[in-house]
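Engineer: Chains as they are written, first to last, in the working numbering: chain A, 1 to 417; chain B, 1 to 417.
Any given hint could be a false lead.
Straight-line alpha carbon distances no greater than 30 Å define the calculated DSSO-like cross-link-like pairs of lysine-lysine that follow [what the hints assert, rightly or not]:
1. B/LYS35 with B/LYS115
2. B/LYS324 with A/LYS318
3. B/LYS364 with B/LYS318
4. B/LYS318 with A/LYS341
5. B/LYS364 with B/LYS341
6. A/LYS240 with A/LYS229
7. B/LYS157 with B/LYS115
8. B/LYS157 with A/LYS341
9. B/LYS240 with B/LYS341
10. A/LYS324 with B/LYS341
11. A/LYS341 with B/LYS35
12. A/LYS364 with A/LYS318
13. B/LYS229 with B/LYS240
14. A/LYS35 with A/LYS157
15. A/LYS157 with A/LYS115
Chain B regions said to be covered by chain A (calculated; three or more residues, Cβ under 8 Å) [as the list claims (entries may be wrong)]:
16. 68-78
17. 283-290
18. 300-308
19. 320-328
20. 390-403
Chain B is nowhere near these chain A residues, computed Cβ spacing over 12 Å in every case [unchecked claim]:
21. GLU4
22. PRO15
23. LEU23
24. LEU139
25. GLY188
26. PRO198
27. LEU202
28. ALA276
29. LYS318
Honestly, the hints are just simulated from the structure, not real lab data. Note that the Cβ used here is the ideal one computed from N, Cα and C, for glycine as well.
2 protein chains.
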Amino acid sequence: MNAEIIAVGSELLTPYRQDTNSLWLTDALNRLGIKIILKTVVGDSPAEMNSAFSQALSRAGVIVASGGLGPTDDDRTRQTVADLLGRKLRLDENIVREIEERFRRFARTMPEINKRQAMVPEGATVLPNPNGTAPGLWLEADGRIVILLPGVPSELKSIFEAQVRRRLERISSDERLFTRDLRVTGLGESDVETRVRPLYELYPDSETTILASPGAVQLHPRVWSRDAKQAEQILDEITKRMALALGEHLYSMHGEALEEVVARILTENRATIAVAESCTGGMLAERLTNLGGSSAYFLGGVVCYSNELKTSMVGVPKELIETKGAVSSEVALALAEGIRKRTGATIGVGITGIAGPSGGTPEKPVGLVHIGIADERGPRERAYRYPGNRERIRNFATQTALDVVRRHFLFPTSARA
Amino acid sequence: MNAEIIAVGSELLTPYRQDTNSLWLTDALNRLGIKIILKTVVGDSPAEMNSAFSQALSRAGVIVASGGLGPTDDDRTRQTVADLLGRKLRLDENIVREIEERFRRFARTMPEINKRQAMVPEGATVLPNPNGTAPGLWLEADGRIVILLPGVPSELKSIFEAQVRRRLERISSDERLFTRDLRVTGLGESDVETRVRPLYELYPDSETTILASPGAVQLHPRVWSRDAKQAEQILDEITKRMALALGEHLYSMHGEALEEVVARILTENRATIAVAESCTGGMLAERLTNLGGSSAYFLGGVVCYSNELKTSMVGVPKELIETKGAVSSEVALALAEGIRKRTGATIGVGITGIAGPSGGTPEKPVGLVHIGIADERGPRERAYRYPGNRERIRNFATQTALDVVRRHFLFPTSARA
């Protein structure tokens, strides 16, 4: 079964706001076996609204629209669909009562204008909205299904979960989408593609999407199938072969962020970590603490931006900074070792580099970052060169530092100083 | 003049990838006086491609398409548009030579398949692509303009800048869009709306978009006009009145991030800053250092996640943590004062709170955050309660901490302990 998604709202035609509901809806519909063939964003102009909905009705079996169900003149989704399907709009007294009740709960009186949200095209099923005033609507006509949902993401999602999914499940006996989410670091997008491309021919019924961000590549192999067991088997095979092709660069087969993997490894090893960051400015600490319960493994960190703080807070010898420079192997080693000793952590990580845009020299260009890691056997260090602007360089360096920690536990013998 | 944007690419119909080109294109077209009336995302299926382009041709004066200009069978944009306009595709030898040359520069031979990228509909103007193999194309037919651009954002933008803008400028003698970007903190979206709404009636020819993120609200008043001077005058008036309505909550009239404003204030006051963070885990330091040149005002920070580090690194008395708890006014004050003393910074900031999801109690619930600030006159502190999940709470707290610094310099008399 094929579907189209229509996002209604003039604000979605400005440079400032993106239609994000459609990504969530695509995922939810794909899992029900419904493919998306087209997405439209339309404002509140009657002519374009009419054109968008009538075209969608001519192409797709299911139309899911978000937005345009508010109480103002500009909210035309109900009227547009009713007109196109030749249905009259009627006031639904039950909805009026529910909206009135909702206003009462917040100690307010329902403005008359909100009665518009209780207008329902003949023959439509009302999909109650526990989180807002506008209910969703489900219409069927000439074998097509039209689903109207509010544009507020939390309302859209809760109505879909509670009302839409089970209705679509009953209808769609078609193929469903099965998918995996592999995460890779330490390889570029084209390297990843080169390694996994030979698999495409072996599994012509699968498709793989590759997405890249600084220091991470995501692989999403997908299979459409009527047979869940067979689909999962094919995906098992594909992911196993991908894992072989990607080696130790594959850090998750379940869509985890690198910090989640590192958190798990630290917890399993009953290890704690502390970090001393210069150019990443707190980004590594921030990522290590963005998971609940991170205090179990993360002791703390120092953002030692000034050279004085590298010495006073982490104990990097002043002479070392003067002779080798703040961005050097020696200082990265001293940062890793220093923060480990000062905090008593199992693992210390030190980062020093040049994130730019200024501060680079021919010997130490923008993008040069030294990352050190220390355990009870001492510290070790490596230098990296990252492309791009300040933001990309900081993201790359943080991602690499997390990966250095992961590999430290993956290959314990290589960790000796 | 009205335009539609069509994004071509099957990957844009997956849950993983968003069409981001259209936001950039919308801004660029709006500034030329061209309004966007509809946006479509379509895959590589011939039927839907055909339908999307033919509908757009029936509605809009300008159609800008991105993607589908690659060398494979799935890249159908050229063929679709040529068919719809009744034009033949012809091989352009100049383009072939340029593509061959490009491959040579990277020491490779052009695969035969890339010749497809040199196919040009009759009567089309070729828009050279300095950054990639697929050139853009400009077609005119029946008073409509069709602009085909590659989907890679850097290639799309460079072709638009170099080739498309000046061509459209010549044509569009229409109204242009003028806009401002105001940033507010410390007020919710509905509070902001309530304060500025009375202005809407005073300036019926302007529209204002309000966008909210944790701890920040953006206001984009917009005016379409033929008269640049008059438009700027109206926007000056609107923004001045908005500034009055928003008071000290308005932190930028030029779309700056709060950390940029804080950086400017610190620099102007020749002040330095150091931070001691617990629940925000480095996010405040990260934001203070995401601008080039931040070492001029940012000395460093401590992410003192464990209580031991609060004592050893920032000098918070152990007894204070034991008697008052790590999340308390007293510890926030001690963190701000401690980090200031240990680093010699002009300003010290301390943050301690409960970001959740666990760790809350009836007295100290998830979302409770104490933020302290210290200068040479001593520290002061306030408690905040934020809604939402861990990520939102951390973002709110970081944004508030930056705003506390901004207000410290804005209202110096209120800073005394």
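Engineer: Hints first: check each against the structure and report whether it holds.
Structural biologist: Status of each hint after checking the structure:
1. This hinted pair does not check out: B/LYS35 and B/LYS115 have alpha carbons roughly 35 Å apart, beyond 30 Å.
2. Pair hint B/LYS324 plus A/LYS318 does not hold up; C-alpha atoms about 37 Å apart against a cutoff of 30 Å.
3. At roughly 20 Å between alpha-carbon atoms, B/LYS364 and B/LYS318 fall within 30 Å of each other, so this suggested pair holds.
4. Taken as a hint, the B/LYS318 and A/LYS341 pair is honoured in the structure, with Cα atoms around 20 Å apart against an allowance of 30 Å.
5. Using a Cα cut-off of 30 Å, the hinted pair B/LYS364 and B/LYS341 holds, with the two alpha carbons roughly 28 Å apart.
6. Annotation: proposed proximity of A/LYS240 to A/LYS229 holds, straight-line Cα distance about 16 Å (limit 30 Å).
7. Between the alpha carbons of B/LYS157 and B/LYS115 the distance comes to roughly 23 Å, so the proposed pair stays at or under 30 Å and holds.
8. This hinted pair does not check out: B/LYS157 and A/LYS341 have alpha carbons roughly 50 Å apart, beyond 30 Å.
9. In summary, the hint linking B/LYS240 to B/LYS341 is not supported, as the alpha carbons are separated by about 41 Å, beyond the 30 Å threshold.
10. For a cut-off of 30 Å, the pair hint linking A/LYS324 to B/LYS341 stands: about 28 Å separates their Cα positions.
11. The suggested pairing of A/LYS341 with B/LYS35 is violated, with an alpha-carbon distance near 61 Å, which exceeds 30 Å.
12. Distance restraint check for A/LYS364 and A/LYS318: the Cα-Cα separation of roughly 20 Å lies within the 30 Å cut-off, and the hinted pair is therefore satisfied.
13. Between B/LYS229 and B/LYS240 the alpha-carbon distance is near 16 Å, which keeps this suggested pair within the 30 Å criterion.
14. Distance hint between A/LYS35 and A/LYS157 is fulfilled; the C-alpha atoms sit about 18 Å from each other, no more than 30 Å.
15. Between A/LYS157 and A/LYS115 the CA atoms are separated by roughly 23 Å; this keeps the pair inside 30 Å, and the hint holds.
16. Coverage of the segment 68-78 of chain B by chain A is violated [criterion: at least 3 residues with CB-CB distance below 8 Å; count 0].
17. Coverage of a stretch by a chain is defined here by at least three residues with a beta carbon nearer than 8 Å to that chain's beta carbons; for the segment 283-290 of chain B and chain A the count is 7, and the condition holds.
18. Counting residues of the segment 300-308 of chain B whose beta-carbon sits less than 8 Å from any beta-carbon of chain A gives 8, enough to reach three: the coverage restraint holds.
19. Using a Cβ-Cβ cut-off of 8 Å, 0 residues of the segment 320-328 of chain B lie near chain A, which falls short of the minimum of three, so the contact claim is violated.
20. With a cut-off of 8 Å between beta carbons, the segment 390-403 of chain B has 3 residues touching chain A; three or more are needed, and the interface restraint holds.
21. The claim that A/GLU4 is not at the interface with chain B is violated, since a C-beta of that chain comes within 12 Å of its own (minimum 9 Å).
22. The beta carbon of A/PRO15 is not kept farther than 12 Å from every beta carbon of chain B, the shortest such distance being approximately 4 Å.
23. Separation of A/LEU23 from chain B is inadequate, the least Cβ-Cβ distance of about 5 Å not exceeding the 12 Å criterion.
24. With a minimum CB-CB distance of about 22 Å to chain B, A/LEU139 clears the 12 Å threshold, and the non-interface call stands.
25. The Cβ of A/GLY188 sits about 15 Å from the closest Cβ of chain B, beyond the 12 Å cut-off, so the non-interface label holds.
26. Against chain B, the non-interface label of A/PRO198 holds: every CB pair exceeds 12 Å, the least being about 18 Å.
27. Its beta-carbon lying about 19 Å from the closest one in chain B, A/LEU202 satisfies the requirement of being farther than 12 Å from that chain.
28. Distance to chain B contradicts A/ALA276 as a non-interface residue, since its nearest Cβ pair spans about 10 Å, not more than 12 Å.
29. With a minimum CB-CB distance of about 16 Å to chain B, A/LYS318 clears the 12 Å threshold, and the non-interface call stands.
Checked against the numbered hints given earlier, this structure breaks hints 1, 2, 8, 9, 11, 16, 19, 21, 22, 23 and 28; the rest are met.
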